[in-house]
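Chain B: place on chain A using the hints.
Protein chains: 2
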Amino acid sequence: MFTKGQATTIKSLQEKKYRQKTGLFLVEGEKSVVETLNSDFEIKNLLVTKPFFTKYLKLIKDKKVIYEIVEQGEIEKVTSLESNNSALAIVKQKIIPDLEIKGDEIVLALDNIRDAGNFGTIIRIADWYGIKKIIASIGTVDMYNPKVISSTKGSFTRVEVYYADLPKLLSKTKIPTFGAYMTGESVHTLKFPKNGILIMGNESNGISHDFDKLISQKVTIPSYGQTLEKNGRAESLNVAIATALIVDNWKRSQNSG
Amino acid sequence: MFTKGQATTIKSLQEKKYRQKTGLFLVEGEKSVVETLNSDFEIKNLLVTKPFFTKYLKLIKDKKVIYEIVEQGEIEKVTSLESNNSALAIVKQKIIPDLEIKGDEIVLALDNIRDAGNFGTIIRIADWYGIKKIIASIGTVDMYNPKVISSTKGSFTRVEVYYADLPKLLSKTKIPTFGAYMTGESVHTLKFPKNGILIMGNESNGISHDFDKLISQKVTIPSYGQTLEKNGRAESLNVAIATALIVDNWKRSQNSG
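So the protein lines, in turn, are chains A and B.
1 is the number of the first residue of the first sequence in the numbering used here; add one for each residue after it.
1 is the number of the first residue of the second sequence in the numbering used here; add one for each residue after it.
If we strip away everything but chain A, and leave its shape as in the complex, we get:
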């Protein structure tokens, strides 16, 4: 049984204002909490159900974390997830080192991604492809939003997110920049370099015009829908899907010689 004060703290961490004030955030559900226990994130407080505790006893003890065994119903009362029968952690936000891009590194840059699920999924994709750094424009949703965190399926522990004035940052870099557009060179034929920055645009508006002069290469994902039919074809792909497709083609182009 945890206190009313704890419940209030947890609920308030669903709001960005309170996360910024405290430097804390929520990690919810079995998979995400286990990944956090395995990471170097500092857990301030851990609420677990008895089955979760039994299953991960060693991990919890090794991490030397302050934990409390509670009823599932108590977690359900405060979680932001639709259901949570396992665990919830209050975690300290990490201070990441200054951004530095290596010579063989792909970095993602996000211009105003607004949907928390999309952002979380992009972090998970980055992790799959070994991308370690994401630069997010100031207008991008907060990475510590509980829905972003849960959508990453634990990948937030391995990918660093930098918030920055993106056009300003890109105007100073010498690294080649690639932007996802509806028109551009096909990712099926483009030979990508070893390192570069891939810019993905907002869900509704794409990449903003602030970037017009900052993109070295526009790229596009070829579509195969029959445009001749009277009722058209799919007009676009979801931004997370598009990110996966471009990064995958980037990697494939490097392997093919």
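Keep in mind the hints are simulated off the structure, nothing from the lab.
Some hints could be false.
Since copy identity is lost for identical chains, a pair holds within one copy or between any two.
Unchecked claim - Okay, derived cross-link-like pairs now, DMTMM-like style, lysine to aspartate or glutamate, Cα gap no bigger than 20 Å in a straight line:
hint, residue 1, residue 2
1, LYS147, GLU82
2, LYS61, GLU42
3, LYS92, ASP165
4, LYS194, GLU30
5, LYS94, GLU160
6, LYS21, ASP62
7, LYS194, GLU71
8, LYS61, GLU203
Quick look at chain B alone, frame taken from chain A:
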């Protein structure tokens, strides 16, 4: 102002039981309703706000559809979307021809996809890549679920979904079958044929063992995460993302000779 009876009908169409009984389904929001007006789906009833009506006057008149202009608040009361300030249509389910697979056609087969958003996104991806047919196992979520329909962003008008006893159907086909697994031939190096069936598995369990002897070729999406690090890497990709990646590589492999 529409009647209480209409409101009840709309609400009930959020349930599969009632959709099956009536052969109707809901299409909600500007983009989806416009795509439906442009398709050969039969609209039984259309509720529109004044701004939507003004914007799409010609389209509505041309389709000769029964429409009613209502206040935004009335649509909000019955819509399954988080918000809907434009239009809602009650649409007749379409009878599709018997399944027939052509010699140059890629067909998707879904084994027990449970998440409506994933299914809708897969339909949208199919549309992008010119895939016209999806075979869904009996356990797959209903394609007329309002969340499936809204996630397709209108692509449901161009992709036909067949529900079938999938293992039985595959046991009879001579078309090459490809299954998405965590281990298999890399999609970056495999040369795909002109036609084939791509089987994608359930979100949690992957492709069920019923298919073990029915897959001609296991395929996998290469991961580049550093498995040597102590805290691992992303273990999987979302099923819609994986579908997009495999189909994209399929198409790319055909183009490259």
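How the hints compare with the structure:
Proximity of LYS147 to GLU82 under the C-alpha cut-off of 20 Å is found in both arrangements, the shortest distances being 11 Å within a copy and 16 Å between copies. Taking the closest pair of Cα atoms, LYS61 and GLU42 come within 20 Å of each other only inside a single copy of the chain (14 Å); across copies the shortest separation is 62 Å, beyond that limit. Taking identical chains as interchangeable, the C-alpha atoms of LYS92 and ASP165 are never at most 20 Å apart, the minima being 24 Å within one chain and 49 Å between chains. Taking CA atoms no more than 20 Å apart as the test, LYS194 paired with GLU30 passes in neither setting, with 36 Å inside one copy and 42 Å between copies.
In the homo-oligomer, the alpha carbons of LYS94 and GLU160 lie at most 20 Å apart inside one protomer (9 Å), although the nearest pairing across protomers, at 47 Å, exceeds that limit. Proximity of LYS21 and ASP62 under a CA criterion of 20 Å is satisfied in neither setting, with 29 Å inside one chain copy and 56 Å between copies. Taking identical chains as interchangeable, the C-alpha atoms of LYS194 and GLU71 are never at most 20 Å apart, the minima being 51 Å within one chain and 55 Å between chains. In this assembly of identical chains, the alpha carbons of LYS61 and GLU203 never lie at most 20 Å apart, being 43 Å within a copy and 31 Å across copies at closest.
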